[in-house]
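**Q** Mapping to the working numbering: the sequence shown position 72 is 153, numbers consecutive.
Check the hints yourself; a few may be wrong.
To be verified - In silico lysine to any residue, SDA-like type, Cα no more than 20 angstroms apart, as pairs: (1) 148 / 245; (2) 148 / 187; (3) 190 / 180; (4) 183 / 114; (5) 190 / 116; (6) 190 / 114; (7) 183 / 115; (8) 183 / 245; (9) 148 / 184.
Claimed, not checked - Using C-beta positions, here's what the derived DEER-type ranges look like: (10) 247 / 170: 36 to 42 angstroms; (11) 175 / 219: 22 to 28 angstroms; (12) 179 / 247: 32 to 38 angstroms; (13) 190 / 157: 20 to 26 angstroms; (14) 173 / 247: 37 to 43 angstroms; (15) 183 / 221: 15 to 21 angstroms; (16) 156 / 202: 21 to 27 angstroms.
These are calculated hints, taken from the structure and not from any lab test.
For glycine and all other residues, C-beta sits at the position ideal for the given N, C-alpha and C.
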Amino acid sequence: MPGQAAGCGGAGVRIRVYTAPMRWPDPADFVHGSPLPPPTGWTRPGLVMTFNLECPGCVSRGIPFLKRLHAEYGEHVHLLAVHTSYGHRQLTREEVEPTLVKFARDFAKLPFPVALDLDGSFAREWQTEGTPHWLAFAPGGELLRSVYGSQENAQTRLEYLLAEWGQSGT
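Whole structure, please, built from the sequences with the hints as guidance.
**A** Shown next, in the form of structure tokens:
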């Protein structure tokens with residue numbers, strides 16, 4: 082919510098429409114799975130979650146929720162997890178990448194790409210409020226929803242949106 086410090090937890094919804102190109106992870110910043118192009122090039126909707134391995138809500142609720150969405154909607158939507166330092170300790174690539182890769186590949190066995198936002202600039206530019214934060218995009222890149230938090234009400238709003246996408250065939 083406006084004025085709230087970045088960090089873990091919370092729940093809120095903001096709807097914004099961006100007209101200028103926004104920051105997107107470089108292909109070299111994708112540490113697990115194949116690089117995903119920016120939403121402006123998408124022909125189907127997508128959901129991006131910013132998270133941090135030091136955020137309990139991200140690891141215990143956000144990541145499992147994104148995995149469930151992949152199981153239910155993975156063929157119809159783009160899904161991406163972006164590990165950000167925004168609101169957390171800023172670590173070097175050498176400090177975070179090995180742990181993140183091991184988490185994504187061996188522990189969580191993530192079926193979707195994971196990218197790094199080492200300096201928090203991706204999360205800041207998209208005006209996320211902390212972690213986890215969800216960005217829902219229409220085909221072509223319009224930002225439809227910006228949802229902060231991992232609690233049930235945040236997940237329910239995202240599930241309704243994905244169900245709408247499923248019914249509309251997008």
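**Q** All hints, please: hold or fail.
**A** How the hints compare with the structure:
The straight-line distance between the Cα atoms of residue 148 and residue 245 is roughly 19 angstroms, inside the 20 angstroms bound, and the hint therefore holds. A distance of roughly 14 angstroms separates the Cα atoms of residue 148 and residue 187; the hinted pair therefore holds under the 20 angstroms criterion. Using a Cα cut-off of 20 angstroms, the hinted pair residue 190 and residue 180 holds, with the two alpha carbons roughly 13 angstroms apart. Taking the CA atoms of residue 183 and residue 114, the gap is about 13 angstroms. The hint holds against a cut of 20 angstroms.
Restraint check for residue 190 and residue 116: the C-alpha separation of about 17 angstroms stays at or below 20 angstroms, so the hint holds. Between residue 190 and residue 114, the direct Cα distance comes to roughly 11 angstroms. Compliance with the 20 angstroms bound is thereby established for this hinted pair. The hinted pair formed by residue 183 and residue 115 meets the criterion: a straight-line CA distance of about 16 angstroms does not exceed 20 angstroms. Simply put, residue 183 and residue 245 have alpha-carbon atoms about 34 angstroms apart, too far for the 20 angstroms limit, and the pair is violated.
With a C-alpha separation of about 13 angstroms, the suggested pairing of residue 148 with residue 184 holds against the 20 angstroms cut-off. Between residue 247 and residue 170 the CB atoms are about 38 angstroms apart, so this pair conforms to the stated range of 36 to 42 angstroms. Between residue 175 and residue 219 the CB atoms are about 37 angstroms apart, so this pair departs from the stated range of 22 to 28 angstroms. Taking 32 to 38 angstroms as the suggested C-beta distance range, the pair residue 179 and residue 247 conforms, at roughly 37 angstroms.
Distance hint check for residue 190 and residue 157: the Cβ-Cβ separation is about 21 angstroms, which falls inside the suggested range of 20 to 26 angstroms. For the pair residue 173 and residue 247, the beta carbons lie near 41 angstroms from each other, so the given range of 37 to 43 angstroms is met. Between residue 183 and residue 221 the beta carbon distance is about 35 angstroms. The supplied range of 15 to 21 angstroms is therefore violated. A C-beta distance of roughly 31 angstroms is found between residue 156 and residue 202, which places it outside the suggested range of 21 to 27 angstroms.
Of the hints listed earlier, those the structure fails to meet are numbers 8, 11, 15, 16, in rising order.
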